[in-house]
Amino acid sequence: AQSVAQPEDQVNVAEGNPLTVKCTYSVSGNPYLFWYVQYPNRGLQFLLKYITGDNLVKGSYGFEAEFNKSQTSFHLKKPSALVSDSALYFCAVRDPSSGNTPLVFGKGTRLSVIA
Amino acid sequence: GAGVSQTPSNKVTEKGKYVELRCDPISGHTALYWYRQSLGQGPEFLIYFQGTGAADDSGLPNDRFFAVRPEGSVSTLKIQRTERGDSAVYLCASSLTSRTGPYEQYFGPGTRLTVT
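Here the protein sequences line up with chains A and B, keeping their order. Just so we're aligned: the first sequence equals residues 4 to 118 in the working numbering. Just so we're aligned: the second sequence equals residues 1367 to 1482 in the working numbering.
In case anyone wonders, no lab produced these hints; they're calculated from the structure. Computed from a prediction, not measured in an experiment: that's the story for all the values here. Careful: at least some of the hints might be erroneous.
Distance condition first, Cα-Cα at most 27 Å in a straight line; then the derived DSSO-like pairs of lysine-lysine [to be verified]:
{"hint": "1", "chain 1": "A", "residue 1": "K25", "chain 2": "A", "residue 2": "K52"}
{"hint": "2", "chain 1": "B", "residue 1": "K1444", "chain 2": "B", "residue 2": "K1381"}
{"hint": "3", "chain 1": "B", "residue 1": "K1377", "chain 2": "A", "residue 2": "K110"}
{"hint": "4", "chain 1": "A", "residue 1": "K110", "chain 2": "A", "residue 2": "K72"}
{"hint": "5", "chain 1": "A", "residue 1": "K52", "chain 2": "B", "residue 2": "K1383"}
{"hint": "6", "chain 1": "B", "residue 1": "K1444", "chain 2": "B", "residue 2": "K1383"}
Derived, one-sided and incomplete: chain B residues facing chain A with beta-carbon distance under 8 Å [unchecked claim]:
{"hint": "7", "residue": "F1411"}
{"hint": "8", "residue": "S1453"}
{"hint": "9", "residue": "L1457"}
{"hint": "10", "residue": "P1468"}
{"hint": "11", "residue": "Y1472"}
{"hint": "12", "residue": "F1473"}
{"hint": "13", "residue": "P1475"}
For every residue, glycine included, the Cβ atom is placed at its ideal position computed from N, Cα and C.
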């Protein structure tokens, strides 16, 4: 069965510093990987995805993520954090080789960017 | 363009009552998903529609939960004999086809259900 782990419940970073939100996954085949962000009282917003090809994918709002197959990781990164980046971040995985499987989400990581 | 919309945004009901939650997906999206998000957790899959049919309902917790999408657009999630444990935010998402494709899902703002 596919699964996602976000080992940090909370990440604190100073404004202007680089940020990393960690994600590791477990699937039997090659994964499709996604990052979503959730602001208070708002729905999840798509940030970026990895399907195939270049291991470094770039998404919305200056975020990027690096797919590392050997470490089964897909960490979210941003070179310079903004206070407005403070939100709840979810990593999700789908294993397309397993047929009719839903998107599986991690528990989420709360990012707090301090001015 | 218009995103996924969900109504109502909040619903408070008494234990044992019946509720309906509505989702209006992005126009042209054939795939529609329902998730449930409890406090401190990520969204948990409930059911997936491809067009009018439920392609995967393996996430529905029990037979009190049911969903329909009669014309392949708007969907309604129905919960009978509600229990306090049903309290959560119910999220709807839509995407282009298909169930194993790489298409990202677009989420609505959710319906916060509180069962008293």
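- prompt: So which hints don't hold here, by number, going up?
  reply: Those not satisfied are hints 5, 8.
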